[in-house]
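Fit chain B to the given chain A structure using the hints.
There are 2 protein chains.
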Amino acid sequence: MRAEIFSVGTELLLGEIVDTNAAYLAQQLSALGIDLYYISQIGDNLGRLVDALKRAKSRSDLTIITGGLGPTEDDLTREAIAETLGERMVVQPDLERELRDFFARRHREMPETNVKQATLIPSARAIPNPVGTAPGWWVEKDGWIVVAMPGVPSEMKRMWEHEVAPRLRDCCGGAVIYSRTLKVIGLGESTVEEMIRPLLSSSNPTLATYAKNDGIHVRLAAKAANQEEAERLIAGPEARVREILGDSIYGVNDETLESVVGQLLQKKGLTLATMESCSGGFLASLITDVPGSSAYFRGGVVAYSNDMKVAMGVDRQTIEKYGAVSAETAAAMARAIRQRTGADIGLAVTGVAGPSLLEGKPVGTAHIALDLQGRPAALYQVFGTMRAQIKRMSALNALNLLRLELIK
Amino acid sequence: MRAEIFSVGTELLLGEIVDTNAAYLAQQLSALGIDLYYISQIGDNLGRLVDALKRAKSRSDLTIITGGLGPTEDDLTREAIAETLGERMVVQPDLERELRDFFARRHREMPETNVKQATLIPSARAIPNPVGTAPGWWVEKDGWIVVAMPGVPSEMKRMWEHEVAPRLRDCCGGAVIYSRTLKVIGLGESTVEEMIRPLLSSSNPTLATYAKNDGIHVRLAAKAANQEEAERLIAGPEARVREILGDSIYGVNDETLESVVGQLLQKKGLTLATMESCSGGFLASLITDVPGSSAYFRGGVVAYSNDMKVAMGVDRQTIEKYGAVSAETAAAMARAIRQRTGADIGLAVTGVAGPSLLEGKPVGTAHIALDLQGRPAALYQVFGTMRAQIKRMSALNALNLLRLELIK
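Going line by line, the protein sequences match chains A and B. The numbering of the first sequence is this note's numbering, which starts it at 1 and goes up by one. The numbering of the second sequence is this note's numbering, which starts it at 1 and goes up by one.
So that you can see chain A by itself, here it is in the shape it has in the complex (with noise of 0.2 Å):
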């Protein structure tokens, strides 16, 4: 089955927004196994519009349609449908009922434009769209299906995951992508590939590694005839990566280095305090990030000069003898939030952000340092030259410090 994506709207032609739509769609049909051969974006015209229809029609069984759905003039893909397949839009009663419900429940007016959002022509179905107006199209005619989905993401989200897809996959699903993401943190992206090198020539799965900014993905994906085989052909390479990899996989899938931090603190019973300085404050939005998490944080402090720092316990000897960015000063800070706090983590960060040296010591420059417990760990490396890298890898790293530790 050939698939082909168009998405609507002048907006894409003027650069004012990055077509994601069409990027999430690509993922989902390669999911269900159907070949996508082009994507296109168009503008808020009817000519150029059904030129590419026509063109669809003869050379894809399936063409996806995002936008062009709303009730004014400028939204013409219903029109450029119907008129591909040389038919006529009729309004539909029971549509328009539910087009006035939507309004009159917001107690507001309808505009009368918006009437043709309750058309349909006489190959297509309505497809429900309960958190907007326009319902979307499923069109079937001479083996060609159109689906037209509404342009704002989560109303196209939502309808391809509760209509579209289940349908697709019924009617056209081919063989089954299914893909596992393993989330590696502390190896770089050569590296990772060096050390999984004889398994990246597998064909089914393949194996492809990703630098992304929370780390590498190493990403297995397999092509068979439903998901249960699919995850049978994983499992295999699966372990051999895992054995290799060992304790740098943080994750998979989702699963986020600060929620995988805060699933073992919890499940420890342990609380966990901050200290930072050139992270500033990302460790704590970072940990934040995670709902529930106020169990196990008691809190941070941001401690952007020395001052703070000695104002929370740190000794002002150490700064001086030492440096701010020292290993010294960072389990000081790592030390003094733990017993300031009364948690049984105290977590630091000091380093150079830039744009400048700070003591001689290079822009990137990062020394971590964890207390759990009074028991001291410790992390140095220097990160990049751009301040916000430095601030989320600084983070990033003293989260999969305090990991390691969890998991000893």
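Rather than coming from a laboratory, the hints here were simulated on the basis of the structure. Being a predicted model, the structure only gives us computed values, none of them experimental. Incorrect hints may have been included.
Since the list gives no way to pick out one identical chain from another, each pair is judged satisfied if it fits inside one copy or across any two copies.
[Unchecked claim] Straight line, CA to CA, 25 Å or less: simulated DMTMM-like cross-link-like pairs of lysine to aspartate or glutamate:
| no. | residue 1 | residue 2 |
| --- | --- | --- |
| 1 | 223 | 73 |
| 2 | 116 | 229 |
| 3 | 157 | 11 |
| 4 | 267 | 231 |
| 5 | 54 | 344 |
| 6 | 321 | 109 |
| 7 | 223 | 83 |
Same frame as chain A, but now just chain B:
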């Protein structure tokens, strides 16, 4: 002049990457006054590439291609252009020398397949690429211009800015489109739209509002023969928007709330410290995103527990009497952190980030307080229900409260 963009790469059709190149180029073409009619993503397939190029030759004056210029068998952009024009690729000695030098400088062996990056066809001139191995192609034949650039965004953008945009401006630029974005905080999108409605019907400049994660953007875009004229066209409407929205406008174009606040603090020689609960470190992290922020930011406390607030100088009785989420506790936090750190300004946020109610107060509730050398200011608001949104909005509104006090 009608332009068309192709982004080449099978990874785009698998949804593994989002096509940000096309959006960037679309914006750039718009600024050059060149009309863009089509964007397409195409896989690494010679037949489909040639089909697409033949269609582009028949319907566009300018075709811009990114991707497919690498050294491997999958990289087929050069081959597709050659086949479309019926021309033959020939290795150019000068390009080959540059290519071999590139590898020699990095002490690496050049794989022989790379030599195809040193080819041209008779209608093509090379576009220099000092940051990568693949030069671009500038092709002109039968009144059709094809520009092929690497797919790596950093290489593409450099080549565009230094080589392609200047040539296009000379040969093909139409009217200039010049835009300015005014950034607004503290008002919702529909309120902003309502306030400036009379201006929204203007056709040159056009005015539009966009809801972004740092507030509402009001974009003024003028079309004119040159930038000076476009700026003149924008000046009047911009002055009227500024009159209507007043202090709600915090910045222009690339300015951020945190950079604007940083400039104000530096100008006034004031220092800042923060204490935050529901924003969980995001406020401190925003402040420290600004290079040089250590000049005015003493540091902050993420007081995620009542004990932490008390340890930092908040009176326990205030918390017990009014609740941790209250105007009184927020004010006490601002005062305490100012006194504790000796900063001129204490800025505090306390609220409910969820997932559940706190002290019977709904998720999203936030109290913000400021103590500017003893002068208090406060803000109470309810921000959505999503954790990330509550963190972001409470932090941004805290910065905005500070900004409004500083410009008083």
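* Asked: Taking 25 Å as the upper bound on the Cα-Cα distance, should residue 157 and residue 11 be classified as within, between, both, or neither?
  -> This pair counts as both: shortest intra-copy Cα distance 20 Å, inter-copy 21 Å.
* To do: Evaluate residue 223 and residue 83 at a C-alpha cut-off of 25 Å and name the case that applies: within, between, both or neither.
  => The answer is neither: 38 Å in one copy and 34 Å across copies each exceed 25 Å.
* **Within, between, both or neither: residue 223, residue 73 at alpha-carbon 25 Å** => Between copies only: 24 Å across, 44 Å inside.
* residue 321 and residue 109: within-copy, between-copy, both or neither at 25 Å Cα -> Neither way: residue 321 and residue 109 sit 72 Å apart in one copy and 46 Å across, limit 25 Å.
* Can you tell me if residue 54 and residue 344 fall within 25 Å by alpha carbon in one copy, between copies, both or neither? -> neither (67 Å within a copy, 67 Å between copies)
* Could you figure out if residue 267 and residue 231 sit no more than 25 Å apart (CA to CA) within one copy, between two copies, both or neither? => Neither: 28 Å inside a copy, 61 Å across copies.
* To do: Could you place residue 116 and residue 229 in one of the four classes (within, between, both, neither) given a Cα distance threshold of 25 Å?
  => This pair counts as neither: shortest intra-copy Cα distance 46 Å, inter-copy 41 Å.
The structure fails to meet hints 2, 4, 5, 6, 7 from the earlier list, while all remaining hints are met.
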